[in-house]
Amino acid sequence: SQQGEEDPQALSIQEGENATMNCSYKTSINNLQWYRQNSGRGLVHLILIRSNEREKHSGRLRVTLDTSKKSSSLLITASRAADTASYFCATVYPGGGADGLTFGKGTHLIIQP
Amino acid sequence: EAGVAQSPRYKIIEKRQSVAFWCNPISGHATLYWYQQILGQGPKLLIQFQNNGVVDDSQLPKDRFSAERLKGVDSTLKIQPAKLEDSAVYLCASSLIYPGFEQYFGPGTRLTVT
Chain F
1455 SQQGEEDPQA
1465 LSIQEGENAT
1475 MNCSYKTSIN
1485 NLQWYRQNSG
1495 RGLVHLILIR
1505 SNEREKHSGR
1515 LRVTLDTSKK
1525 SSSLLITASR
1535 AADTASYFCA
1545 TVYPGGGADG
1555 LTFGKGTHLI
1565 IQP
Chain D
1245 EAGVAQSPRY
1255 KIIEKRQSVA
1265 FWCNPISGHA
1275 TLYWYQQILG
1285 QGPKLLIQFQ
1295 NNGVVDDSQL
1305 PKDRFSAERL
1315 KGVDSTLKIQ
1325 PAKLEDSAVY
1335 LCASSLIYPG
1345 FEQYFGPGTR
1355 LTVT
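For the protein sequence lines, the chains are F and D, in the order given. Mind the numbering: the first sequence is residues 1455 to 1567 in our numbering, read in order. Mind the numbering: the second sequence is residues 1245 to 1358 in our numbering, read in order.
These are calculated hints, taken from the structure and not from any lab test. Do not take every clue at face value.
[What the hints assert, rightly or not] The calculated label-pair distances, taken between Cβ atoms and stated as ranges, are:
hint : chain 1 : residue 1 : chain 2 : residue 2 : range
1    : D       : Pro1252   : F       : Ser1522   : 44 to 50 Å
2    : D       : Pro1252   : F       : Glu1507   : 37 to 43 Å
3    : F       : His1511   : D       : Ile1256   : 42 to 48 Å
4    : F       : Gln1463   : D       : Val1317   : 34 to 40 Å
5    : F       : Asn1472   : D       : Gly1247   : 42 to 48 Å
6    : F       : Ala1464   : D       : Leu1328   : 45 to 51 Å
7    : F       : Glu1509   : D       : Lys1259   : 44 to 50 Å
8    : D       : Ser1310   : F       : Thr1531   : 27 to 33 Å
9    : F       : Gln1463   : D       : Arg1253   : 39 to 45 Å
10   : D       : Val1298   : F       : Arg1534   : 46 to 52 Å
11   : F       : Ser1478   : D       : Gly1316   : 35 to 41 Å
12   : D       : Ser1262   : F       : Ser1478   : 35 to 41 Å
13   : D       : Lys1327   : F       : Ala1532   : 44 to 50 Å
[Claimed, not checked] The list that follows gives simulated cross-link-like pairs (lysine-lysine, DSBU-like), each with its CA atoms no further than 35 Å apart:
hint : chain 1 : residue 1 : chain 2 : residue 2
14   : D       : Lys1255   : F       : Lys1559
15   : D       : Lys1315   : D       : Lys1255
16   : F       : Lys1480   : D       : Lys1288
17   : F       : Lys1559   : D       : Lys1322
18   : D       : Lys1255   : F       : Lys1510
19   : D       : Lys1288   : F       : Lys1510
20   : F       : Lys1480   : D       : Lys1306
21   : F       : Lys1480   : D       : Lys1322
22   : F       : Lys1510   : F       : Lys1523
23   : F       : Lys1524   : D       : Lys1259
24   : D       : Lys1288   : F       : Lys1524
25   : D       : Lys1288   : F       : Lys1523
26   : F       : Lys1480   : D       : Lys1327
27   : D       : Lys1288   : F       : Lys1559
[To be verified] One-sided and incomplete, this derived list gives chain D residues near chain F with beta-carbon spacing under 10 Å:
hint : residue
28   : Ala1249
29   : Gln1294
30   : Asp1318
Cβ coordinates follow ideal geometry from the N, Cα and C atoms, glycine included.
Could you put together the complete structure from these sequences and hints?
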């Protein structure tokens, strides 16, 4: 079964606006990662946040993690047409050496020019 | 640096036929993963290798799917016999050996079973 659930399932905004998408998960994690997928570049890693971190930034991306609520959010500031893609959160369970990702169903983001 | 390579990019087969996918990870990446992504869903892990050994194959349908990673580099994923519900994109990814590193994904193989 899929661990994470992204919200909303789809989001359409104007270029230049900020986009926020949320992810909830069910069990304890080692880390949480966000990936972007579009037809041109496939599935690309955006940012990783560990379970002992609360916030991380990378360029126009800001990720927060609330382990007490088992949730994370991804904020994309000053959106561009090239940000149009599907965004997935993916979790890694702690321990055992197995660190395969468990993905949610994704948020489909459309940036209107 | 070169990315994860996969072939073929597209494959169409009839149900009950067999098919094989090939993956070449990024040089130096000891860990290799195969994922299945059905249309409209996120990828689902099928199997994880670390060097030659299997770390996790709990979600691999072993009655029809098999995978191997010879010499700790290239990997093949096979389906025999294929079912209609196997239509999906099969993604290969690799990462450095220690847990907590990002995974690098290949372009995937789109399989259509008719």
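Original post:
Can the restraint linking Lys1288 of chain D and Lys1510 of chain F be considered satisfied, given a maximum Cα separation of 35 Å?
Top reply: OK: Lys1288 of chain D and Lys1510 of chain F at ~26 Å, within 35 Å.
Original post:
Does 46 to 52 Å hold as the CB distance between Val1298 of chain D and Arg1534 of chain F, or does it fail?
Top reply: violated (41 Å)
**OP:** For the pair supplied as a hint, Lys1288 of chain D and Lys1559 of chain F, confirm whether the alpha-carbon distance does not exceed 35 Å.
**Re:** holds (10 Å)
Subject >> Outcome for the supplied range 42 to 48 Å, where the beta carbon pair is Asn1472 of chain F and Gly1247 of chain D >> reply: Taking Cβ atoms as reference, Asn1472 of chain F and Gly1247 of chain D lie about 30 Å apart, which means the hint is violated.
Subject >> Cβ distance range 37 to 43 Å for Pro1252 of chain D and Glu1507 of chain F, holds or violated >> reply: holds (40 Å)
**OP:** Compare the distance between the alpha carbons of Lys1559 of chain F and Lys1322 of chain D with 35 Å, and conclude whether the hinted pair is satisfied.
**Re:** holds (25 Å)
Subject >> Consistency of beta-carbon spacing, Ser1478 of chain F to Ser1262 of chain D, with hint 35 to 41 Å >> reply: holds (39 Å)
**OP:** Quickly compare the C-alpha distance for Lys1524 of chain F and Lys1259 of chain D to 35 Å and report which way the hint goes.
**Re:** Since the Cα atoms of Lys1524 of chain F and Lys1259 of chain D sit roughly 41 Å apart, the hinted pair is violated (cutoff 35 Å).
Subject >> Hint check for Lys1259 of chain D and Glu1509 of chain F - Cβ pair distance inside 44 to 50 Å >> reply: At roughly 49 Å between Cβ atoms, Lys1259 of chain D and Glu1509 of chain F fall inside 44 to 50 Å, so the hint holds.
Original post:
Does the Cβ pair Pro1252 of chain D, Ser1522 of chain F satisfy 44 to 50 Å?
Top reply: holds (46 Å)
**OP:** Go ahead and decide if the range 34 to 40 Å is satisfied by the Cβ distance of Gln1463 of chain F to Val1317 of chain D.
**Re:** Holds: the Cβ-Cβ distance is about 38 Å, inside 34 to 40 Å.
Original post:
Holds or violated: is there a CB of chain F closer than 10 Å to the CB of Ala1249 of chain D?
Top reply: The hint is violated - Ala1249 of chain D has no Cβ within 10 Å of chain F, the shortest such distance being about 12 Å.
Checked against the numbered hints above, the structure breaks hints 5, 6, 8, 9, 10, 18, 23, 28, 30 and satisfies the rest.
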